[in-house]
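**Student:** Residue numbers (this note's numbering), protein chains in the order written: chain A, 1 to 70; chain B, 1 to 240; chain C, 1 to 224.
What the hints contain is simulated information worked out from the structure, not anything from laboratory work. Note that the coordinates shown come from a computational prediction; the quantities given were computed from them, not determined experimentally. Check the hints yourself; a few may be wrong.
A short list of chain B residues far from chain A (calculated; beta carbon distances all over 12 Å) [claimed, not checked]: (1) G75; (2) V119; (3) A166; (4) L196.
Calculated pairs, DSS-like style, for lysine-lysine (alpha carbon to alpha carbon, straight line, at most 27 Å) [stated by the list, open to error]: (5) B:K76 with B:K217; (6) B:K217 with A:K47; (7) B:K106 with A:K11; (8) B:K76 with B:K211; (9) A:K47 with A:K61.
With beta-carbon atoms standing in for the labels, derived distance ranges [said to hold, decoys possible]: (10) C:D219 with B:R228: 31 to 37 Å; (11) A:V28 with B:L128: 24 to 30 Å; (12) A:A55 with C:P87: 52 to 58 Å; (13) B:R73 with C:V36: 42 to 48 Å; (14) A:G10 with B:T20: 21 to 27 Å; (15) B:W115 with C:K11: 40 to 46 Å.
Note that the Cβ used here is the ideal one computed from N, Cα and C, for glycine as well.
What follows is each chain in one-letter form.
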Amino acid sequence: MPALPLDSAGKYVAAAYLVFLGVILIYVAIMAARLGRVEREITELDKLLEIRDEANATARKSTVDGPNSE
Amino acid sequence: MTDKTQVHGRGLRRLAFAATITLIGAFAMVFFWTPNEADQGFIQKIFYLHVPLAIVTLGGFVAGGIFGFMQLRTGKRVWDLRSYVAIHLSLMLAVAVLITGAIWAKASWGHWWVWDEPVLVSFLVVFLLYACYQPLRFAIEDPERQARYAAVFAVVAGAFVPINFAAVRLAQAYTHPRTLGTTTGGMPGSMMLTFLISMLGMTLLFMTLWKFELTSKSARMRLSSIRRRIARETTTEQAA
Amino acid sequence: MIGQAITLLRKDLLLEFRDRESVPAMALLAAATLVVFHFALGQRSISGELASGALWVTLLFASMLGISRLFVAEQEDGGFDAVLLAPVERTAILLAKATALLIFLIIVELIAVPMFGVLLLGVPLGPAIPSLIGVLLLADICIAIVGALVSALAIQTRIRELLVPILALPLLLPVLIAGSRASGQIFQPGGPAAVAGRWPLMLALYGVVFGLLAFALYDYLLDD
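Just need the whole structure built from these sequences, with the hints factored in.
**Tutor:** Structural data, given as structure tokens:
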């Protein structure tokens, strides 16, 4: 095969490199979605801990006020 | 369970940096420094992308097999994780390899697919086989068995890769008498250097993404273990 | 170990003889595939590479059925756990299952190959038989080994019937290449040509590699 002229060859080369870029970006997008899930979970955990701390604080207060402690 | 002291993210930043620099350097060399090839002209620039990517992808598959072997040997879940991530990543990149290969074939032979290009054909077969990895893996519920069966698959498929390449090449070599000399043979020094740097860049990129996903996976696993612990503590406290 | 393998094999063959599940279905599928080839290709008779391709596709499809049924008896009777718990060497199970599959394949080929010769093949089958038997036997051993491996890999999954063909077909591609190239030479229109030595060699090498792999990995597949 004779070499393709630059103007048509350029399109193929550009397409190939774009495919590579596209696949890497898709990969990054997938990982980003997973990171989003991690963040959501951490937020939930944070909330959970806050509720627990509050519950602990009120519990401690009630042990100071009331005599019914261990 | 994963080792508690194992930190996957160590060195990730340096690795990502090195991959970026090398790959940008390699692509810059491809377009601004390396001369056009005499036969194929500008279209041959795909070579510096397609071939290193294909080699790295196959290396990833074989590495997945080796990690699978280590999982079977040691029974440690971290090897299963490594094997899974290597195969998963290679599967993604394999799509890029097949598409860039098809583009190259179209540009230089006029067809999107040529059956007498043994490497491309073998690659398709390997891709089809590895595409079964995830269905197999996620059709097994018990995590310990999942790791073990996935590892067996990884080892079998890893051994299949070279056998398949030999078989397809042998089949093609005797049907279509064509020159078996690869494109790398008799390359001028500048092209060879560009190819090698691109090869290095792709390897670094693969390692970066592999470590990246590994870190993300282990972070999630650790997160759910913390979550379980907090849930357990909260319920025992409420009960007390 | 050989004794255990023979006991297991005898059980498998007795079951197959009693229930007649796998072999008749495999033979019927092979026959149907031959008819499909006649109409799909639109030809009365074929020879050379085309004939060999049709024969190998037929045999591979039939063997897919055999592979997916290989462990089903154990699975359905709830006997799989019994097999796992039994003090039987895993290698003996591998040996028994692969041999059972090999025997099924040979029976199916005894039916399907003459049928292929009558229905589709455009050259006389007689002179082709000696070299065909050699190639088929080698390929059957490879299919039996890979089949035993794949069916053990898929048996514990929810999607066993789906996994077997999509796993086994790519894995068996080297067998198909070597087998069909060899029999393409056997079915030459001008009488069977000598089979190039590389194809039987490739089958033998493939069999050895996957045999060793199956031997090394079977412990992990049937271990709980």
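**Student:** Taken at face value, is the distance from the CA of K47 (chain A) to the CA of K217 (chain B) at most 27 Å?
**Tutor:** Between K217 (chain B) and K47 (chain A) the Cα gap is close to 23 Å, so the pair holds against 27 Å.
**Student:** Between W115 (chain B) and K11 (chain C), does the beta-carbon spacing fit 40 to 46 Å?
**Tutor:** At 45 Å between Cβs, range holds.
**Student:** Does K11 (chain A) sit within 27 Å of K106 (chain B), going by the straight-line distance between their CA atoms?
**Tutor:** Since the Cα atoms of K106 (chain B) and K11 (chain A) sit roughly 12 Å apart, the hinted pair holds (cutoff 27 Å).
**Student:** Going straight from one Cα to the other, do K76 (chain B) and K217 (chain B) come out at no more than 27 Å?
**Tutor:** holds (16 Å)
**Student:** Taking 21 to 27 Å as the stated bounds, is the beta-carbon spacing between G10 (chain A) and T20 (chain B) within them?
**Tutor:** Between G10 (chain A) and T20 (chain B), where Cβ atoms are some 25 Å apart, the hint holds.
**Student:** Could you see if the CB distance from D219 (chain C) to R228 (chain B) stays within 31 to 37 Å?
**Tutor:** holds (32 Å)
**Student:** Evaluate the condition: distance from the CB of L196 (chain B) to the nearest CB of chain A exceeds 12 Å.
**Tutor:** holds (18 Å)
**Student:** Using the C-beta atoms of A55 (chain A) and P87 (chain C), is the stated range 52 to 58 Å upheld?
**Tutor:** Because 55 Å falls inside the window, the suggested range holds.
**Student:** 42 to 48 Å was suggested as the range; check whether the CB atoms of R73 (chain B) and V36 (chain C) agree with it.
**Tutor:** holds (46 Å)
**Student:** Does K211 (chain B) sit within 27 Å of K76 (chain B), going by the straight-line distance between their CA atoms?
**Tutor:** Holds. K76 (chain B) to K211 (chain B) sits at ~18 Å (cutoff 27 Å).
**Student:** Quick one: are V28 (chain A) and L128 (chain B) within 24 to 30 Å, going by C-beta?
**Tutor:** With Cβ atoms ~26 Å apart, the hint holds.
**Student:** A166 (chain B): least C-beta distance to chain A exceeds 12 Å?
**Tutor:** Non-interface label stands for A166 (chain B): nearest chain A Cβ at 27 Å, farther than 12 Å.
Taken one by one, the earlier hints all hold for this structure without exception.
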